[in-house]
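There are 2 protein chains.
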Amino acid sequence: MINKAIDFYFDFSSPYGYLASTRIEAIAAKHQLVVNWHPILLGAIFKVSKQAPLTSFPLKGDYSLKDFERSAREHQTPYNPPNPFPVAAIAVSRAFYWIHENTNPEISSLSDRFVHAVFKAYYVDGHDISKPDVVANIASSLGLDTAVLAEALGQQVVKDRLKQAVDDAITRGVFGSPMMFVDQEPFWGNDRLEQLDRWIQKGGW
Amino acid sequence: MINKAIDFYFDFSSPYGYLASTRIEAIAAKHQLVVNWHPILLGAIFKVSKQAPLTSFPLKGDYSLKDFERSAREHQTPYNPPNPFPVAAIAVSRAFYWIHENTNPEISSLSDRFVHAVFKAYYVDGHDISKPDVVANIASSLGLDTAVLAEALGQQVVKDRLKQAVDDAITRGVFGSPMMFVDQEPFWGNDRLEQLDRWIQKGGW
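In the order they appear, the protein sequences are chains Y and W.
Read in order, the letters of the first sequence are residues 118 to 322 in my numbering.
Read in order, the letters of the second sequence are residues 118 to 322 in my numbering.
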């Protein structure tokens with residue numbers, strides 16, 4: 118028996134995280150599942166997993182840059198190579214948890230839209246999502262009070278929440294983006310969406 | 118227009134190379150293509166691409182070991198976790214090129230079978246393919262003269278041929294195993310076989 122959610126771990130600065138984010142909800146809905154978004158920071162995780170950004174490696178980096186675009190084209194996903202890249206997704210990730218876990222349901226209900234709005238800002242509209250004014254503009258477009266959000270982003274409890282999310286992800290074995298869990302079964306990579314779909318369909322193998 | 122071959126680069130010591138080797142010929146045949154096998158040595162390539170064996174990384178290594186088996190199970194591919202792992206596939210790779218490019222067609226025609234026999238020896242029957250007697254047994258099972266092969270493996274021209282294959286692969290951008298090319302389009306990973314299939318079917322996108 119499959120549980121009720123797909124846990125979707127990602128870094129906002131990960132192109133494969135973005136690409137998978139545009140398709141995971143349709144896969145989940147097909148199986149009456151919801152998507153739980155878990156923004157994390159690959160920079161922190163790479164320190165544990167001894168990795169480095171994909172594009173920093175000779176040969177593999179060139180392939181990756183080409184593959185981001187090819188993978189987007191296959192599914193007609195809007196994609197403009199981001200620049201600068203990668204960026205620190207700290208503020209947007211903190212903002213996500215503040216929104217998602219807000220005691221005000223009018224705010225917490227915006228978290229799905231916030232994820233897609235951040236990705237669109239970076240991968241479609243070409244905005245640097247590490248900049249405070251870009252974060253504010255995204256929040257504003259969703260009707261959030263940007264002054265309240267800016268104040269929240271400076272709170273220790275909000276900073277700690279993201280740190281906790283990263284620690285929890287590492288404990289669960291997350292080492293890349295996207296990394297998805299169905300029950301406790303991990304799937305790493307945008308190129309595993311079809312396999313994840315088959316896994317849910319068959320109830321594993 | 119798609120050309121007549123899929124170029125399949127792999128290290129005999131790569132589980133994903135093995136898994137893909139069991140399915141690539143059916144995909145090729147579907148499109149009236151042949152498979153050109155290109156054994157390479159990831160150890161040499163990793164020096165250029167600044168990589169290391171997948172299983173050597175924290176978190177990612179554990180996932181990989183689990184995923185080798187899960188990926189095998191999905192397609193009912195026989196797979197026993199190899200031990201020792203990884204091994205140096207130098208001798209078997211040299212043997213491949215000596216067989217494949219042999220001027221005696223009775224020998225050169227055995228190269229496809231040799232690839233599968235080596236993979237089976239390592240991933241199904243549990244033999245250490247880095248050992249000379251294992252290589253000899255595989256060759257013998259195909260009807261090859263093991264004394265002639267052993268003598269050939271010591272020749273500089275045979276050693277140089279593998280070195281050339283590795284250099285050519287790097288020039289082409291190969292950084293992992295399996296890595297497949299259709300025309301000049303690269304696809305990296307066992308989990309890209311379906312995408313490769315779609316690419317050929319559609320003539321790209």
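Check each hint, because a few of them may be wrong.
If chains are identical, the list can't say which one is meant, so a pair holds when it fits in one copy or spans any two.
Claimed, not checked - Restricting the straight-line Cα-Cα distance to at most 25 angstroms, the calculated cross-link-like pairs of lysine to any residue (SDA-like) are:
id, residue 1, residue 2
1, 183, 321
2, 177, 285
3, 248, 200
4, 248, 277
5, 276, 287
6, 147, 317
7, 177, 282
8, 147, 282
9, 167, 181
10, 280, 188
11, 183, 306
12, 177, 281
13, 177, 257
14, 183, 170
15, 177, 284
16, 167, 306
17, 147, 263
18, 280, 192
19, 280, 149
20, 177, 124
21, 183, 200
22, 164, 245
In case anyone wonders, no lab produced these hints; they're calculated from the structure.
Okay, the hints, checked on the actual structure:
| no. | hint | verdict |
| --- | --- | --- |
| 1 | 183 with 321 | between (32 angstroms within a copy, 14 angstroms between copies) |
| 2 | 177 with 285 | between (29 angstroms within a copy, 16 angstroms between copies) |
| 3 | 248 with 200 | within (13 angstroms within a copy, 49 angstroms between copies) |
| 4 | 248 with 277 | within (20 angstroms within a copy, 53 angstroms between copies) |
| 5 | 276 with 287 | within (17 angstroms within a copy, 44 angstroms between copies) |
| 6 | 147 with 317 | within (10 angstroms within a copy, 28 angstroms between copies) |
| 7 | 177 with 282 | between (29 angstroms within a copy, 19 angstroms between copies) |
| 8 | 147 with 282 | neither (27 angstroms within a copy, 46 angstroms between copies) |
| 9 | 167 with 181 | both (19 angstroms within a copy, 15 angstroms between copies) |
| 10 | 280 with 188 | neither (31 angstroms within a copy, 33 angstroms between copies) |
| 11 | 183 with 306 | both (16 angstroms within a copy, 15 angstroms between copies) |
| 12 | 177 with 281 | between (31 angstroms within a copy, 20 angstroms between copies) |
| 13 | 177 with 257 | neither (38 angstroms within a copy, 38 angstroms between copies) |
| 14 | 183 with 170 | both (15 angstroms within a copy, 23 angstroms between copies) |
| 15 | 177 with 284 | between (28 angstroms within a copy, 16 angstroms between copies) |
| 16 | 167 with 306 | both (18 angstroms within a copy, 21 angstroms between copies) |
| 17 | 147 with 263 | neither (35 angstroms within a copy, 56 angstroms between copies) |
| 18 | 280 with 192 | neither (33 angstroms within a copy, 39 angstroms between copies) |
| 19 | 280 with 149 | neither (31 angstroms within a copy, 53 angstroms between copies) |
| 20 | 177 with 124 | between (28 angstroms within a copy, 18 angstroms between copies) |
| 21 | 183 with 200 | within (15 angstroms within a copy, 36 angstroms between copies) |
| 22 | 164 with 245 | within (24 angstroms within a copy, 34 angstroms between copies) |
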